[in-house]
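J.: Protein chains in written order, with the numbering used here: chain B, 1 to 269; chain F, 1001 to 1267; chain D, 2001 to 2270.
The set of hints was computed from the structure by calculation and includes no laboratory data.
What you are looking at is a predicted structure, and each value in this text was computed from that prediction instead of being measured.
No false leads were mixed into what you were given.
With a straight-line cut-off of 27 Å between C-alpha atoms, the simulated DSSO-like cross-links for lysine-lysine are:
id, chain 1, residue 1, chain 2, residue 2
1, B, LYS266, D, LYS2024
2, D, LYS2018, B, LYS267
3, D, LYS2018, F, LYS1092
4, D, LYS2044, B, LYS138
5, B, LYS15, D, LYS2264
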Amino acid sequence: MSMTHSWQDKVKKPKRNRYRPLIYVLLALIYVWAFAGIPFEGIKETAGQVTKAIFSGIFSPDWDYVYLPDGEDLLRGLLDTLAISILGTVVSTVLCVPFAFWAAVNMSRSRWISGSGKMLLSFIRTFPEIVMALLFIKAVGPGSFAGVLALGLHSIGMLGKLFADEVENMDTGPTEALIAAGATRLQILWFAVLPQVLPGFLSYTLYRFEINLRSASILGIIGAGGIGTPLIFALSSRNWDRVGIILLGIIVMITLIDLISGAIRKKLV
Amino acid sequence: MIELRNVSKTYPNGTKGLDGINLKIEKGEFVAIVGLSGAGKSTLLRSMNRLHDITEGDILIDGNSITQAAGKELRTIRRDIGMIFQSFNLVKRSSVLRNVLAGRVGYHSTLRTLFGAFPNEDVELAFQALDRVNIVEKAYARADELSGGQQQRVAIARVLAQEAKIVLADEPVASLDPLTTKQVMDDLKRINQELDITTIVNLHFIDLAREYATRIIGLRAGQVVFDGPVSEATDERFAEIYGRPIDQDELLEARLADIAAAKEPVR
Amino acid sequence: MNVNAKPEPQPQPLNRPKPPGKLKHYLTAAFILILVWGSAVQSKADWGKLIKGAPNMLELLKEMFPPNWGYFDNIVAAMLETIRMALIGTTFGAILAVPVALLCASNLSRTAWIYQPFRFVLNLVRTIPDLLLAAIFVAVFGLGPLPGMLALSIFSFGLIGKLTYEALETIDHGPLEAMTSVGASSGQRIIFGVIPQIQAHFMSYVLYTFEINVRAAAVLGLVGAGGIGHYYEVTLGFFEYDKTCMIILFTLAVVLIIDYLSTKLRERLL
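Kindly produce the complete structure, drawing on both the sequences and the hints.
T.: Shown next as structure tokens:
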């Protein structure tokens, strides 16, 4: 028997999505619009030279800058950056806990309450930290502390959401057992909820710390402390050797912290 | 003593969970509640310590109405009622000892339990409770390092440390294998007899109910359809409770036989 | 009732285990405290300054309201440029990420000699914050959206590359074996065995990166890399806080809308 007949009437080609061509056309139009708006000409003719200078700066960095006995050097800049991110993370971790319980569905009686908490958190998250830093500089003056406050406030948005998810995903059994044993709300929180969510909280805190370290290394660009300030000075004064060593310093620091933090997070879960 | 007066529960969607239940359970009894899933066993048990609210009637624990109690009064009544769950409900990341001590929270002010350690007597009580269920050597292990049967024994120790007068056990052996099932049921029976703790157990296995309980209550569609001593709970009466003959699946012995058969070498 | 109801034999050495040492916990706690305290000293944290500065903040917030709605017309073009930058940056990053992710996956590359170096590159790229990249590109190419776009491309490349190669390592090996058994070349293996398994995830990562890029693009202007961020400096510099507020609100609205659309799309994909 040949295989060429008798199957065609058994199966029909599935209908293609009618909108598909439309979507392609739409996408194409969006891209035409996007590319038409970017001025590709007008690149500085020095671009090649500058790139070369930066690369040679990275490969022959200004080692003297690593440590200067008096004042602003790389190590102190990096230490500042580290301090800003640590303290910023701690501040936001403390502040976000009440928000997390507010936003967790299983911790509040009505969906309106947790919904409003989630809204607020996503609002905070959307507010760029660098803009927060600009505002805090107006309040406490330029320097590391403004950076701490900006990171502390901005990170509440993300940490609060992650913490709330953790609370929502926890096992409700122990809570039930403690209710049955006659525990008060606080006792339930302390004995059934916290031990369950704490490792997750810590792990997310470390994760956020990794992100905050990256943010802290640029906050100096607008004057909120850390290594960003000397970097922007070096960039504007075309001191490429210095740009090179600062870049190198940032990369090494972030890589190291990522490794340490990642190792701890693995142990936690 | 537990007394249920005309207890009914209607869910918001209109279905009846419990329907006009009248029961009196005396101190020291070992009661097994049987019935198909969905018959209202769990709802009945959980209404006795008000993990579920009832919509009609009243439940009295030693003469005090738990349905009307609130706040501190409710917590004090609950303190005297221990509960054991199908899924153990231990805090998996905490140590065994801490899980057992959690049974003591009802005896202390919130502040003391949050900031101070438990008094030495409590710790002693917890150790003795663990000793009674033969698991004291695991006191400092994390709860999730233990097997299912061991975890359930920790849960029993928690109830012992709670110094409960009544134990409600909601399908305590449903997630255990047949052998650990025996051990856990033996533990429950022992504390029932040695400490005179009123014990009420929801059970899926009929033969277990007959083996351990002194009294069997059959539920069907939220109503009590059987209430009597084990001797009266014959297969015929069970067939009535279930509205059909007993299934092999409802006998632990049958399941044990299955396992034995599975272990036979294949020829 | 008491657990002791039965008379027990006198205090025998029960087989009780010894409590585990607490030294490790104390040391950890001390270490963290020192770390936090040191950070506070290093960053010159001064909560008194925050309280003293609070009226300043409030004053500033007061001046932000009501927002200057009329300023909207001035910043629409910049906002569109922001979206353009995010779109193009994400696209280039995604295109670049595909081959690298394939090379990074340990189950697709033949030896560690291939995937380890590529992973190293990806990790390296991911250590550099986007704003920093933008600042460097501005120094190279001059002011405008082009450096911003490039910075976002590289940032997206790092993020999409990492997410994709991690997803690649979890794919089902069955189809790959099947392709090998019918005699497929490695290119064919990827087209028929890998891509169908990964494309929905990949699209989802691209959309997710696009969301992040819109937020990032909104501040790149602070270093002169195009988009709406430039107007923060302009308005704050002239103390026109009502205009700043308008920028913030507009950005929030756009970001939330794009987040919403993208999340919906991603839900349909997976």
